[in-house]
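I would like the entire structure built from these sequences, with the hints used as guidance.
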Amino acid sequence: MSSLNSPIAKLKALLWRIPLILKTVVLHGVHLSPVSGKQDLRTELTVAIIRSFITYSMPVSKQQKGSMRDPGIKGPMWVSKVALPKPEDDVQRAVLDAVENLKTTGEETYDVPGVTAVEAEWTGYRRGVDKNAPQPDISEEEKYKELRKDSPADMVVLYFHGGAYYLMDPCTHRVPVAHLSKMTGAPVLSVRYRLAPQHPFPSALVDALTAYLYLIHPPAGSLHDPVPANKIVLAGDSAGGNLCLVLLQTLLTLRRISSTATVRFHGKDVPIELPAGLTLVSPWCDVTRSMPSVYRNARFDYLGPPPQVPEALYHPYPFPDDHVWPRNPPRVDMYAYANCLAHPLVSPLAAPKELWKDAPPVFMVMGEEGLTDEGLLVARKIHHAGGTAVVEQFEGMPHCFGMLMLGTAAGRRSFETWTQLCRDVVAGRPIKRTGEVTYLQYKLRGTKNIPIDKACPPLSDEEIDMLLQKGRNWRIDGEHALVSEWKEKARL
-10 MSSLNSPIAK
0 LKALLWRIPL
10 ILKTVVLHGV
20 HLSPVSGKQD
30 LRTELTVAII
40 RSFITYSMPV
50 SKQQKGSMRD
60 PGIKGPMWVS
70 KVALPKPEDD
80 VQRAVLDAVE
90 NLKTTGEETY
100 DVPGVTAVEA
110 EWTGYRRGVD
120 KNAPQPDISE
130 EEKYKELRKD
140 SPADMVVLYF
150 HGGAYYLMDP
160 CTHRVPVAHL
170 SKMTGAPVLS
180 VRYRLAPQHP
190 FPSALVDALT
200 AYLYLIHPPA
210 GSLHDPVPAN
220 KIVLAGDSAG
230 GNLCLVLLQT
240 LLTLRRISST
250 ATVRFHGKDV
260 PIELPAGLTL
270 VSPWCDVTRS
280 MPSVYRNARF
290 DYLGPPPQVP
300 EALYHPYPFP
310 DDHVWPRNPP
320 RVDMYAYANC
330 LAHPLVSPLA
340 APKELWKDAP
350 PVFMVMGEEG
360 LTDEGLLVAR
370 KIHHAGGTAV
380 VEQFEGMPHC
390 FGMLMLGTAA
400 GRRSFETWTQ
410 LCRDVVAGRP
420 IKRTGEVTYL
430 QYKLRGTKNI
440 PIDKACPPLS
450 DEEIDMLLQK
460 GRNWRIDGEH
470 ALVSEWKEKA
480 RL
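Here the sequence shown is numbered in our numbering, starting from -10 and rising by one per residue.
Hints in this document: simulated from the structure, not taken from any laboratory. Accuracy of the hints is not assured; some may be wrong.
Result set (DSS-like, lysine-lysine): computed pairs, CA atoms no more than 30 Å apart in a straight line [claimed, not checked]: (1) Lys92 - Lys346; (2) Lys459 - Lys346; (3) Lys92 - Lys459; (4) Lys342 - Lys92; (5) Lys27 - Lys421; (6) Lys346 - Lys432; (7) Lys120 - Lys1; (8) Lys51 - Lys27; (9) Lys432 - Lys120; (10) Lys120 - Lys134; (11) Lys346 - Lys220; (12) Lys134 - Lys51; (13) Lys257 - Lys342; (14) Lys75 - Lys92; (15) Lys437 - Lys171; (16) Lys138 - Lys75; (17) Lys27 - Lys443; (18) Lys459 - Lys432; (19) Lys75 - Lys1; (20) Lys459 - Lys437; (21) Lys342 - Lys437; (22) Lys171 - Lys459; (23) Lys51 - Lys476; (24) Lys257 - Lys70; (25) Lys92 - Lys476; (26) Lys75 - Lys257; (27) Lys437 - Lys346; (28) Lys1 - Lys134; (29) Lys120 - Lys138; (30) Lys51 - Lys478.
Predicted model, so just to flag it, every value in this text is computed and none were measured.
In structure tokens, the structure reads:
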């Protein structure tokens, strides 16, 4: 996506899209839109405009730069920037132990990531200021102290942003994250994890584990006091929701490998503990994008499906070449090698249901979007493993709708339930509607509570595995062809 930070850029982008806007308005007005009766005009315009910005004509490095441009800090938010010191290599080894333990074919390959310092932002709601108030010129430590005064809750939200693992940044998510802080009364640590394709799987997971341990066992010089694991809620949208799930799966796996599992972290052997819960917005649970809703719900969403030509070799999306993409040796997927795409720590939908045993409560909010089926099916697996899974699905709504349309009735409702679940899991209160999907009809005109087994698509766990394997194998064949072509060129 291109950057729209300047007024001139915004005006130019709007002028180019006037025909699209007029067409959408007219078709909606005469009820000939493919989403009639399920999206109001604001939602349909939002989807159409966002969809028009998604392009494959711009090099990946330029897209990354545009998506990560800092819009500045102003208005009702506190931001205190911190650097999490580089921990021992044990953090990396713990992740690799989990990766190796969860291999399904034994042929999965990945680049071994280094361990590094991790940047993050403490984000909180700032009370008593207008939308244009500048952040005061004080130290990061003083900002954190002021943030804690306005966010006094005893819980902490550990937040991972979305962006398909190759775009976005904590700075792009400050507004919804500050709103989450306002609603919960809690500080939020928003993590700048390493992005693909420069840093493929499992780099982001190493950074996520570093951030989680940092909260519980802060090294000397940290701004915060130790946070008990049962006072931490993992939260994230899209790829960030994926990262929450795979971090939880890593913790569960390490505890299963050894009941006394510890990790060396800044000079101490610290135990592997579970967070209070997870709260996820439109989580990306299947990187192969093989579930039926990817195609069935495409008309409601701005995220388009992959090409529907499984008989042909799979090729990566046709971004212009630059120093970032394609990689050498080539991959078809930015985030992981093709043979790793059905690994449970890449696609959490691939985790067998028994691996979710002992998981803390998990809440998901989603629309009628491309990623709907994979989220529902993960929730079903958690429920069948004896865990607590709560889902709210909004009819006709696109990917991450609540974060895009905070001021709408649906956006407000999604944040209300999201934040209530955060408070409930930290307080240890019983969770209502576990094992159910609360389906909210168009314009919130009605609500249905549907058992998770009935809400999910009619796919058995075995059929899910077959679809995942088919999607992975299609990409493996395409990747093999790319590598062969690359090797042939290298010989010439």
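#### Entry: Holds or violated: Lys51 to Lys476, with C-alpha atoms at most 30 Å apart
With a Cα-Cα distance of about 27 Å, the restraint between Lys51 and Lys476 holds, given a limit of 30 Å.
### Message
Checking one constraint from the list: CA of Lys459 to CA of Lys346, max 30 Å. Satisfied?
### Response
Answer holds: Lys459 to Lys346 is near 27 Å, not above 30 Å.
### Task
Verify the proposed pairing of Lys346 with Lys220, using a straight-line Cα cut of 30 Å.
OK: Lys346 and Lys220 at ~20 Å, within 30 Å.
### Task
Starting from Lys51, check that the Cα of Lys27 is at most 30 Å away, please.
Roughly 35 Å separates the two Cα atoms, so the pair is violated.
### Query
Is Lys342 close enough to Lys92, meaning Cα to Cα at most 30 Å?
Holds, at roughly 15 Å.
### Message
Please verify whether Lys1 and Lys134 have alpha carbons no more than 30 Å apart.
### Response
With Cα atoms ~41 Å apart, Lys1 and Lys134 exceed 30 Å; violated.
### Query
Does Lys437 lie within 30 Å of Lys459 when you go C-alpha to C-alpha?
Violated, at about 34 Å.
### Query
Between Lys27 and Lys421, does the CA-CA distance stay at or below 30 Å?
27 Å, holds
### Task
Take the C-alpha atoms of Lys75 and Lys92, compute the straight-line distance between them, and say whether it is at most 30 Å.
Given that 30 Å is the threshold and the Cα spacing comes to 27 Å, the pair holds.
### Message
What's the verdict on Lys432 and Lys120, does the C-alpha distance respect the 30 Å limit or exceed it?
### Response
28 Å, holds
### Message
Check the hint pairing Lys51 with Lys478 against an upper bound of 30 Å on the C-alpha distance.
### Response
Distance of about 27 Å is within 30 Å: holds.
#### Entry: Hint consistency between Lys75 and Lys1 [alpha-carbon to alpha-carbon, up to 30 Å]
43 Å, violated
In summary, the numbered hints that this structure violates are 6, 8, 12, 13, 18, 19, 20, 22 and 28.
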